[in-house]
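Using the sequences plus the hints, can you model the full thing?
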Amino acid sequence: MDATTSETAAIQFHSIPDQSVSTIVTNATSTLSKRRCFGESDPGEFPLAANPSIVLHVLTACNLDPQDLAKLEVTCSFFRQPAKFAPDYELSISELAALDMCQKRAIFKPMTEEQHQALKQRCGGSWKLVLRFLVAGEACCRREKSLAIAGPGHSIAVTSKGAVYSFGSNSSGQLGHGTTEEESRPRLIRSLQGIRITQAAVGAGRTMLISDAGRVYAFGKDSFGEAEHGAQGDQIVTTPKLVESLKDIFVVQAAIGNFFTAVLSREGRVYTFSWGSDGRLGHHTEPNDLEPRPLMGALENTPVVQIAAGYCYLLALACHPNGMSVYSVGCGLGGKLGHGSRTDEKHPRLIEQFQLLNFQPVVVAAGAWHAAVVGRDGRVCTWGWGRYGCLGHGNEECESSPKVVEALSNVKAVHVATGDYTTFVVSDDGDVYSFGCGESASLGHNIDVPGGQGNRQARILSPELVRSLKQISERVVQISLTNSIYWNAHTFALTESGKLYAFGAGDKGQLGVELMGNQTERGNPERVEIDLN
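Residue numbers 1 to 533, in full-length UniProt numbering, belong to the letters of the sequence shown in order.
Hint data in this document are derived by calculation from the structure and do not stem from the laboratory.
Careful: at least some of the hints might be erroneous.
What the hints assert, rightly or not - Result set (DSBU-like, lysine-lysine): computed pairs, CA atoms no more than 30 Å apart in a straight line: (1) K470 x K145; (2) K161 x K403; (3) K71 x K470; (4) K104 x K412; (5) K499 x K145; (6) K109 x K161; (7) K84 x K145; (8) K120 x K71; (9) K145 x K412; (10) K161 x K145; (11) K104 x K120; (12) K145 x K104; (13) K470 x K346; (14) K241 x K499; (15) K403 x K346; (16) K71 x K84; (17) K247 x K403; (18) K104 x K161; (19) K84 x K109; (20) K161 x K499; (21) K109 x K145; (22) K84 x K104; (23) K346 x K161.
Dropping the structure here:
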């Protein structure tokens, strides 16, 4: 069973009957629309078949969705016949338009022709499918855009130009400044000068950065395995260091769990480090193994566009020829793998519930003990441990299969973020909703009071609008919150204009803002003095 059915028709590419060029021209001429040409009194004719280069330019310039290009082929034979244009004279106008749009992508540009063809075959044999794969990755991972990461006690901010700032706890050198001193204000990592960073991942005491050239730099605890209290990571690295074992893999994303690290290549392959001594991720390795291992099984020949790591499990958003789907692997306690049970999975397994819900996933988030997904139609599904109401279903019960958050039925979600029993949802108009554990100020519903830490609710069982973010009068595009069971949480809200707001725990300087008196947290969002655009 394949969880890829949605309300949008699947893209089909090879079931359309061929027609001769003469038939195309005849059909096009017989159904011509008349329009008046500028400067002439008589109507002029503009047959598509006589002006394919103009049509190709329009399709490419309009950045049509791959689904729309496929529909053009079904609707009109002109769009599915060979266009006789370089670089491939056998490609249709729609395929050429898709290829042109692929070539505009930063990830696609540096690839060789051989790599292009290999990616095309991996995606299903069509440039439209390659385009959908690339666009999906851009949408869910903010590639080539600014981003902020709220880590366990420390924070990373990446500007749209690829500069990196860090602040907060630095006991293991995880800020990358060559010291182990805390920083309460954003500080530029100067050793990265000349390197453009596009992605970042954080764990307890460690940081990973990914450049536009696919290189991975790591600093902090010298470990890819157990992050919090394990034997690994006794050595520390205080400045960004190239990960040599990944130099032959063009990496586009990384995700750090408590017992393992995962990276995603530009071809959509997933590799994992550590936590393989019992085959928990489909391979048997020593706990201190620093070599990446390909994630085998169901995802071996399926391109993945996004990965997300929880405390002891991994989610992967995969791109099939007929739709998107989610796979999970790791520890199944609490039902957080989404298969209707609480058993572990040593190999990636398809979450089938999305097909039954007619749900097309586009963004995944893995909290410490629960997970969330946004659908193409704006619905949100959650599952796993339900403590503190972090699933948003009005109770604290566990859900072992994805369940739609009905309280958000009037909201079209575009982004979701999860932490330790907390969840945030961002709507298409920039409104932010949160629910779950309210013991810290990280949900944004607190009211700061003089001399205190503010008023708060211990648990919020259903989504509530974060009204404090409405006051900044800007559209929020990204939320990041601490995803660790050992640290008090803090949260970042990034606006469309590149402004960054912080709230929650700030005892280590991880908010990047000044705290007054004996304050250890901020209940209301405060502007971090850094422009990420």
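Right, here's what the structure says about each hint:
1. The straight-line distance between the Cα atoms of K470 and K145 is roughly 23 Å, inside the 30 Å bound, and the hint therefore holds.
2. In summary, the hint linking K161 to K403 is not supported, as the alpha carbons are separated by about 38 Å, beyond the 30 Å threshold.
3. Between K71 and K470 the CA atoms are separated by roughly 39 Å; this puts the pair beyond 30 Å, and the hint is violated.
4. Between K104 and K412 the alpha-carbon distance is near 29 Å, which keeps this suggested pair within the 30 Å criterion.
5. Taken as a hint, the K499 and K145 pair is honoured in the structure, with Cα atoms around 13 Å apart against an allowance of 30 Å.
6. A C-alpha spacing of about 18 Å is found between K109 and K161, which places the hinted pair at or below 30 Å, so the restraint holds.
7. For the hint linking K84 to K145, the alpha-carbon distance of about 36 Å lies beyond 30 Å, and the restraint is violated.
8. With a C-alpha separation of about 20 Å, the suggested pairing of K120 with K71 holds against the 30 Å cut-off.
9. As the CA atoms of K145 and K412 are separated by approximately 22 Å, the hinted pair is consistent with the 30 Å bound.
10. A C-alpha spacing of about 8 Å is found between K161 and K145, which places the hinted pair at or below 30 Å, so the restraint holds.
11. About 16 Å separates the Cα atoms of K104 and K120, which keeps this hinted pair within 30 Å; it holds.
12. Our distance criterion of 30 Å between C-alpha atoms is met by K145 and K104, whose separation comes to about 15 Å.
13. A C-alpha spacing of about 43 Å is found between K470 and K346, which places the hinted pair above 30 Å, so the restraint is violated.
14. Only pairs whose Cα atoms come within 30 Å are accepted, and K241 paired with K499 is accepted, the gap being roughly 29 Å.
15. For the given pair, K403 sits about 24 Å from K346 by alpha-carbon distance, which is consistent with the 30 Å threshold.
16. As the CA atoms of K71 and K84 are separated by approximately 21 Å, the hinted pair is consistent with the 30 Å bound.
17. Pair hint K247 plus K403 does not hold up; C-alpha atoms about 40 Å apart against a cutoff of 30 Å.
18. With a C-alpha separation of about 18 Å, the suggested pairing of K104 with K161 holds against the 30 Å cut-off.
19. Our distance criterion of 30 Å between C-alpha atoms is met by K84 and K109, whose separation comes to about 23 Å.
20. Of the pairs offered as hints, the one joining K161 and K499 holds, with about 15 Å between alpha carbons and a cut-off of 30 Å not exceeded.
21. In summary, the hint linking K109 to K145 is supported, as the alpha carbons are separated by about 17 Å, within the 30 Å threshold.
22. In summary, the hint linking K84 to K104 is supported, as the alpha carbons are separated by about 21 Å, within the 30 Å threshold.
23. At most 30 Å may separate the alpha-carbon atoms for a hinted pair to count; K346 and K161 exceed this at roughly 39 Å.
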